[in-house]
Amino acid sequence: MTKKQKITAVLALAFAFSLSMAVMCGCSCFTQEQVAEIHKTVGTILDIAYTSGGAVLVEQKIDQLVADGKITPQQGEMLKEASRRSYEALQAKLAELSVKDVAVEVSE
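Here the sequence shown stands for residues -22 to -1, 1 to 86, numbered as in mature numbering (1 follows the signal peptide of the UniProt record, and there is no 0).
Treat the hints as calculated values from the structure; they're not laboratory data.
Please note that the accuracy of each hint is not assured.
What the hints assert, rightly or not - Distance condition first, Cα-Cα at most 27 angstroms in a straight line; then the derived DSS-like pairs of lysine-lysine:
1. LYS18 / LYS71
2. LYS18 / LYS58
3. LYS48 / LYS58
4. LYS71 / LYS58
5. LYS58 / LYS39
6. LYS71 / LYS39
As the list claims (entries may be wrong) - Pairwise CB distance ranges (calculated):
7. THR19 / ARG62: 17 to 27 angstroms
8. ASP46 / GLN10: 39 to 49 angstroms
9. ASP46 / ALA73: 29 to 39 angstroms
10. LEU68 / THR(-15): 32 to 42 angstroms
11. GLU66 / GLN42: 22 to 32 angstroms
12. ALA73 / THR(-15): 39 to 49 angstroms
13. ALA73 / LYS(-20): 47 to 57 angstroms
Glycine is no exception: its CB is placed at the ideal position from the N, C-alpha and C atoms.
Whenever a hint applies, use it, and build me the whole structure from the sequences.
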C-alpha cells in the first residue's frame, strides 16, 4: 500500500467515524413520530429494491453457486427459502417498529 493510499484510507475512516457520530447525535433529536416514519421509509425502500430486482439477483446468485458446484441444489433451495423468510421477517420488524415507536398520549 502506497503512502497516498494509506492517507486516503485513514481519511476515509475518519470521515466515516465523524459521519456516524453526527448521525448518532442527531438521531437523539428525532421525535418518536419521526423515528417511526424513518422505519416506514426504510421498509418502503427495501420493498421497492427487493421487488424490482433484488430478489431475482439473489436467486440468480444462488443458482450460479449451484451451477459452479459450490453448493448442492438442495442447499440452493434452502438458501432461496431462507432469503425469502429473512426478507419477510425484516419487513415485519420494520412495520412493527414504525407502529410501536409512536406512543399515543391522551391528556385530560
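Tested hints:
| no. | hint | result |
| --- | --- | --- |
| 1 | LYS18 / LYS71 | holds (10 angstroms) |
| 2 | LYS18 / LYS58 | holds (25 angstroms) |
| 3 | LYS48 / LYS58 | holds (15 angstroms) |
| 4 | LYS71 / LYS58 | holds (20 angstroms) |
| 5 | LYS58 / LYS39 | holds (10 angstroms) |
| 6 | LYS71 / LYS39 | holds (26 angstroms) |
| 7 | THR19 / ARG62: 17 to 27 angstroms | holds (23 angstroms) |
| 8 | ASP46 / GLN10: 39 to 49 angstroms | holds (48 angstroms) |
| 9 | ASP46 / ALA73: 29 to 39 angstroms | holds (36 angstroms) |
| 10 | LEU68 / THR(-15): 32 to 42 angstroms | holds (34 angstroms) |
| 11 | GLU66 / GLN42: 22 to 32 angstroms | holds (23 angstroms) |
| 12 | ALA73 / THR(-15): 39 to 49 angstroms | holds (40 angstroms) |
| 13 | ALA73 / LYS(-20): 47 to 57 angstroms | holds (49 angstroms) |
Taken one by one, the earlier hints all hold for this structure without exception.
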